[in-house]
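Participant: Each chain, written out:
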Amino acid sequence: MSTTSSPSPSYAISQMKSLFRQFLRITTTDGRIFLGTFTGTDKHLNIILANAEEFRFAPREEANPNGRYVGLVMIPRRLMVKIEAPEGVLESTDGDNSEDGMYT
Amino acid sequence: MDIDNWKEIPGGDAFEDVTDLFDQAASDMAQGDVILSDGFTLMEAMGAFEIGEPRMDSGVILDTNRRLPFDPLTPLLPEEVCWILDRSFACEMEWHSGSTLSQTVYTLLYVHHMTTIDPDFLLQVPLNDGSERPIGLVTIVLRAAVMAMLKCCDLSWRELSKGRVFDTEDWQGEKCDVSLLEGVPAEYIIQKLDAACSWLHSLNIRSDQRDAIIDRLLLRKSLLELFRLDLQHARDRLRPSLVIARHGLHKVLQYAPPQPLEDSLAIRAVDPYITRRLPNFLPMRVVTLPSQDNVWKCLEQLLDGWSEVDSLLQSSTLSAWELTGSIRNWSPPHSLPPPYIRSLIQTCFFDHNLIAYQFPATWISERFWLESLGISWEKVSNILRAGLVDAQSSVHEVERSVGKLVLQDVRSYWFNPPRRRRYLMNSLLDHLIVFDLLQQLTRRCPFEDPEQQAIANAIPYVLLLRQLRTVLDIIFSGFHQDLYAHDERPIAYWHVVQVIEIYVDIVEEVKPVIPKDSPAYAELEFAQTYHDALEKICGALCSLTMSDIRQPKDRISVNYRKRYKWLYTKSFPSNEEVTIIPIPGIDHFFSDSEQCISASRLPFHSLRIVNISDIQDPLFVIQELTNAKNMLLQLTRVDVERFWAPKQTRDQIEFIQVTVQSCEALATALQSSVDASAETHAVSNSDDQDRKHLGRKLRWVPVTHPWLPGLAQDTT
Chain P
158 MSTTSSPSPS
168 YAISQMKSLF
178 RQFLRITTTD
188 GRIFLGTFTG
198 TDKHLNIILA
208 NAEEFRFAPR
218 EEANPNGRYV
228 GLVMIPRRLM
238 VKIEAPEGVL
248 ESTDGDNSED
258 GMYT
Chain Z
40 MDIDNWKEIP
50 GGDAFEDVTD
60 LFDQAASDMA
70 QGDVILSDGF
80 TLMEAMGAFE
90 IGEPRMDSGV
100 ILDTNRRLPF
110 DPLTPLLPEE
120 VCWILDRSFA
130 CEMEWHSGST
140 LSQTVYTLLY
150 VHHMTTIDPD
160 FLLQVPLNDG
170 SERPIGLVTI
180 VLRAAVMAML
190 KCCDLSWREL
200 SKGRVFDTED
210 WQGEKCDVSL
220 LEGVPAEYII
230 QKLDAACSWL
240 HSLNIRSDQR
250 DAIIDRLLLR
260 KSLLELFRLD
270 LQHARDRLRP
280 SLVIARHGLH
290 KVLQYAPPQP
300 LEDSLAIRAV
310 DPYITRRLPN
320 FLPMRVVTLP
330 SQDNVWKCLE
340 QLLDGWSEVD
350 SLLQSSTLSA
360 WELTGSIRNW
370 SPPHSLPPPY
380 IRSLIQTCFF
390 DHNLIAYQFP
400 ATWISERFWL
410 ESLGISWEKV
420 SNILRAGLVD
430 AQSSVHEVER
440 SVGKLVLQDV
450 RSYWFNPPRR
460 RRYLMNSLLD
470 HLIVFDLLQQ
480 LTRRCPFEDP
490 EQQAIANAIP
500 YVLLLRQLRT
510 VLDIIFSGFH
520 QDLYAHDERP
530 IAYWHVVQVI
540 EIYVDIVEEV
550 KPVIPKDSPA
560 YAELEFAQTY
570 HDALEKICGA
580 LCSLTMSDIR
590 QPKDRISVNY
600 RKRYKWLYTK
610 SFPSNEEVTI
620 IPIPGIDHFF
630 SDSEQCISAS
640 RLPFHSLRIV
650 NISDIQDPLF
660 VIQELTNAKN
670 MLLQLTRVDV
680 ERFWAPKQTR
690 DQIEFIQVTV
700 QSCEALATAL
710 QSSVDASAET
720 HAVSNSDDQD
730 RKHLGRKLRW
740 VPVTHPWLPG
750 LAQDTT
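Protein sequences appear in the order of chains P and Z.
Okay, so the first sequence: first residue is 158 according to this note's numbering, each after it adds one.
Okay, so the second sequence: first residue is 40 according to this note's numbering, each after it adds one.
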């Protein structure tokens, strides 16, 4: 896995928009991972995922590594540990807003 | 976190960290900016469940909800197993009461570990090691019981999902991808239960504990036998199976296992927060399972329901179904039969094109005419055929329309009350269409024989009587479901009086046609007296509640149009609004009530109860209630053996006795109130205030009576 270097301001928003309709993987502070389609966000980075699945890894007695469908969810930034996107998506879009994804 | 210890991360390794990119983008956005992908609107975004918010996030774990780890293979004591078995019944009954499987049955964690505790996969573990906690109690006994519970739920689910009762209203069908052993035959599970009982006999534990566990397994087995019974082909097995189940329940009640301690391993077997691990994205509130006493009561109610099914299948009259349905329909909300029973009764009434698994569909029409008019369908159809060119198709049309209408009516008795009210409202027009058809057919040619002419005249009236009873049911259901505001109650009672006026007049038209020795005649006389009494009660209550009207006429008229929209239809070709049955609308109510207030008269000056003239005299109300009570008491003494369905009529008389008690209680309380007012009369000197005072003390409590009020205790 690689980390994207800090981009210029306008470029960051357009890069983020290029991830629309792509899968995002968001890890939260309570030991869950959400995997869903990125559909929107706001200034406070409340990220909306559609058709999301929830995977729980902690606490161990409640673990559910096979996942469960949770539908349309909004994850606040304060609960996020890490946001991940599929490799190669950012490079391939090269800053444009083409929104090519699984539904296009 | 332990995530790194897991071999595979969801989505795979081909992901890169974009957290910094998102942080940078967020800092670049202006205040209040929202960025959404094309086609995804803000409205849709507002429908998202917020993660971390306990009211919305079904997966959030609060510190207070943390559970100790559960190991399904933990050996248990016999009394702990017994307690878990009892709780399995609690889970099942709570599901039958309308909660979801994830809130009830799935909270028993063994449901999710059936493979783990399968003794076939634990060959190296001795099932009975001579200890006080043999693992066989879990792998053989508990597993068999949980399998049987799941199978019972599966068989119930199959009945409930036939669409006779309504998913998410009466019951919850969401299975959350958890197996209810749909593919496992019930016979196999019964063998497992038998094997568990045999194994228990070989176990060296206290005999009372062993017997208690075996009793629970046998009760479960008898329930499974009942659920899997094919009533079409093995109806005769219902009664013996019921006897066995009741005996099983009686034996189970003999022993109550002690409540396990808080740190007991048995307590961990029930996890009310299981929903956070199930694929069910709607957050579910935690359901507190009922106490064991209430569980057994619910189970007894289920068995009573099966007894009712048996009784109905034994009966050969339409009245038996209609009376039973009517009585159940007015039950207090908490004693409504379980949805499974309500669905099963509807299935038994009409399934595989058969009525009660024995009569053809034409039976409905035949019984309808015989039981309402005392005349065979053959005779009725001959009268309908007279003078018609295409007689056969017209008679078939009548047979089909009446059959369909009555079939739906009978089924609707076992809907939930709001659903039935809605059904009845919609069915009024169907009644009108059939009434119209009958009227067209019977008016076509006059008969020379006056007897035949009288029958021809009475035929459409039978449908009209049924329609009027439907209207009464709709109005009364508003009280039963607590729909009416203060201002609406006098209008509802006023409408009842209007409808009964027409009903009694039509009964007079129909009665001469019915043979006097027929049960139909006895039943119509019974119904006439009953409705006469009802008219008196409702007239009295209308005058009592009249003082509750506080809003202006315009406001009341608007409310009235909404509440009674079912009463109106549009005439053709003028397209004017007319009432479905010929009763006056709200304007007449206003004129009646104004006359009542200005002339101190009853609001029914045009009706038969005008002989009591002074509305401001509360003694009138007491007298009317007393008269009604005496009329109802007469009905409780009739010989029910003359009726079509004596057993069900006895149940109806029980209901009438409740009405008698309500009338009596109301009259007595009013008399006391009048006496108390008389003492202070010198101070207030206002009869009108007395009446208002009485009216405001009325309380409508469906548990006491579905339509009649009681009187609140005077605290002033």
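What the hints contain is simulated information worked out from the structure, not anything from laboratory work.
From the three backbone atoms N, C-alpha and C, an ideal C-beta is built for every residue, glycine too.
A portion of the hints provided could be inaccurate.
[As the list claims (entries may be wrong)] Some residues of chain Z that are not near chain P, with every Cβ distance over 10 Å (derived):
| # | residue |
| --- | --- |
| 1 | Q63 |
| 2 | A65 |
| 3 | M68 |
| 4 | D72 |
| 5 | S76 |
| 6 | E301 |
| 7 | S303 |
| 8 | P399 |
| 9 | W402 |
| 10 | D469 |
| 11 | T568 |
| 12 | K604 |
| 13 | I620 |
| 14 | D678 |
[Said to hold, decoys possible] Output of the computed footprint for chain Z on chain P, the stretches with three or more beta carbons under 8 Å from beta carbons of chain Z:
| # | region |
| --- | --- |
| 15 | 173-180 |
| 16 | 204-214 |
[As the list claims (entries may be wrong)] So the derived list for chain Z, only partly shown, Cβ under 8 Å to chain P, looks like this:
| # | residue |
| --- | --- |
| 17 | D56 |
| 18 | F61 |
| 19 | A84 |
| 20 | G86 |
| 21 | F88 |
| 22 | R245 |
Participant: Broken hints, numbered, in rising order?
Facilitator: Numbers 1, 2, 3, 4, 5, 22 - these are the hints that the structure violates, sorted from lowest upward.
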